[in-house]
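> All chains, full assembly: derive it from the sequences and hints.
As given, the protein sequences belong to chains A and B, one line each in that order. Counting in numbering that gives the first Met the number 0, the first sequence runs from 0 upward without gaps. Counting in numbering that gives the first Met the number 0, the second sequence runs from 0 upward without gaps.
Between beta-carbon pairs, the in silico distance windows are: (1) Arg74(A) / His101(B): 25 to 33 angstroms; (2) Gly46(B) / Pro94(A): 26 to 34 angstroms; (3) Glu93(B) / Glu77(A): 29 to 37 angstroms; (4) Arg100(B) / Lys64(A): 17 to 25 angstroms; (5) Lys73(A) / Gly46(B): 34 to 42 angstroms; (6) Thr57(B) / Ser14(A): 20 to 28 angstroms; (7) Thr43(A) / Asp49(B): 40 to 48 angstroms; (8) Gly78(A) / Ala39(B): 39 to 47 angstroms; (9) Arg74(A) / Phe44(B): 42 to 50 angstroms; (10) Pro41(B) / Lys73(A): 37 to 45 angstroms; (11) Glu90(B) / Lys64(A): 29 to 37 angstroms; (12) Gly97(B) / Thr58(A): 25 to 33 angstroms; (13) Glu87(B) / Arg45(A): 33 to 41 angstroms.
Simulated from the structure, these hints should not be mistaken for lab results. Note that beta-carbon positions come from the ideal geometry of N, C-alpha and C, so glycine has one too.
2 protein chains.
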Amino acid sequence: MDIPKPGAPVRGSKSGQPIMALLDLLGRSWAMGIVWHLYAGPNTFRGLQDYCESISPTTLNTRLKELRDCNLIKRTLEGYALTEYGQELYELLEPMGGWARHRWAKSFTHNNEKKQAK
Amino acid sequence: MDIPKPGAPVRGSKSGQPIMALLDLLGRSWAMGIVWHLYAGPNTFRGLQDYCESISPTTLNTRLKELRDCNLIKRTLEGYALTEYGQELYELLEPMGGWARHRWAKSFTHNNEKKQAK
DNA sequence: GTACAATGCTATAATATTTGTAGCTTTGCT
DNA sequence: AGCAAAGCTACAAATATTATAGCATTGTAC
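Rendered as structure tokens:
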């Protein structure tokens, strides 16, 4: 599949709007997980493979290429690492952690009483 | 595939951490696009199909079910709409729009001079 | 300098997801 | 009754992902 970049048509949007390219890029398996994990520090290919418990090397490699082509990660002597842009993206993603834990997760328990009907 | 919910093991994480469930859920094709689009207001199944230019009805329906099961969207008389949680999630996603446009998109043009080497 | 382990992959076949297309069913006009 | 729109389902084809094996390179340790 084509690597989604701003300015080019992507899945679901011929307009080339950057946000659409970004959503396409991040909406691929493991893409956000890799960014999320690399915030902890650079990691090797095998290290990422262990972290993403069930990713195949094929997919990991594809995803790493895409993220590199899109300037979010780079290779360093210590392994793959976030670029400046990757860091910024992580910072945008980061609030989702707290929200998921403190707000979203709660929505599952009470709803059992409120909306039994499917 | 299983619908990723906080507390249950998901793709890439046996821990059941809410953020991992969320990243799994949103890392499926069109999931973020649907949330992004519904912020503009409720929309019908066919309306969403038109918006997501190349989504198949099968996938759209699957995704809608998942998002509903995860309390992010609901059905209303005007069509599918964001829930309170969906709105909150949109608000977390929203800053990515500006960042993609004003920061990320720029990273593609200058790099041509800086890093010619693959 | 040669074993050995670790890393970064590639190859290949099996499985899962997504698309593309057709069309059925229900609802609401007219 | 006829027609159009909405919300799907069915199913085959195309694409993405996994699982497993293994190769090539690099860096110690003898």
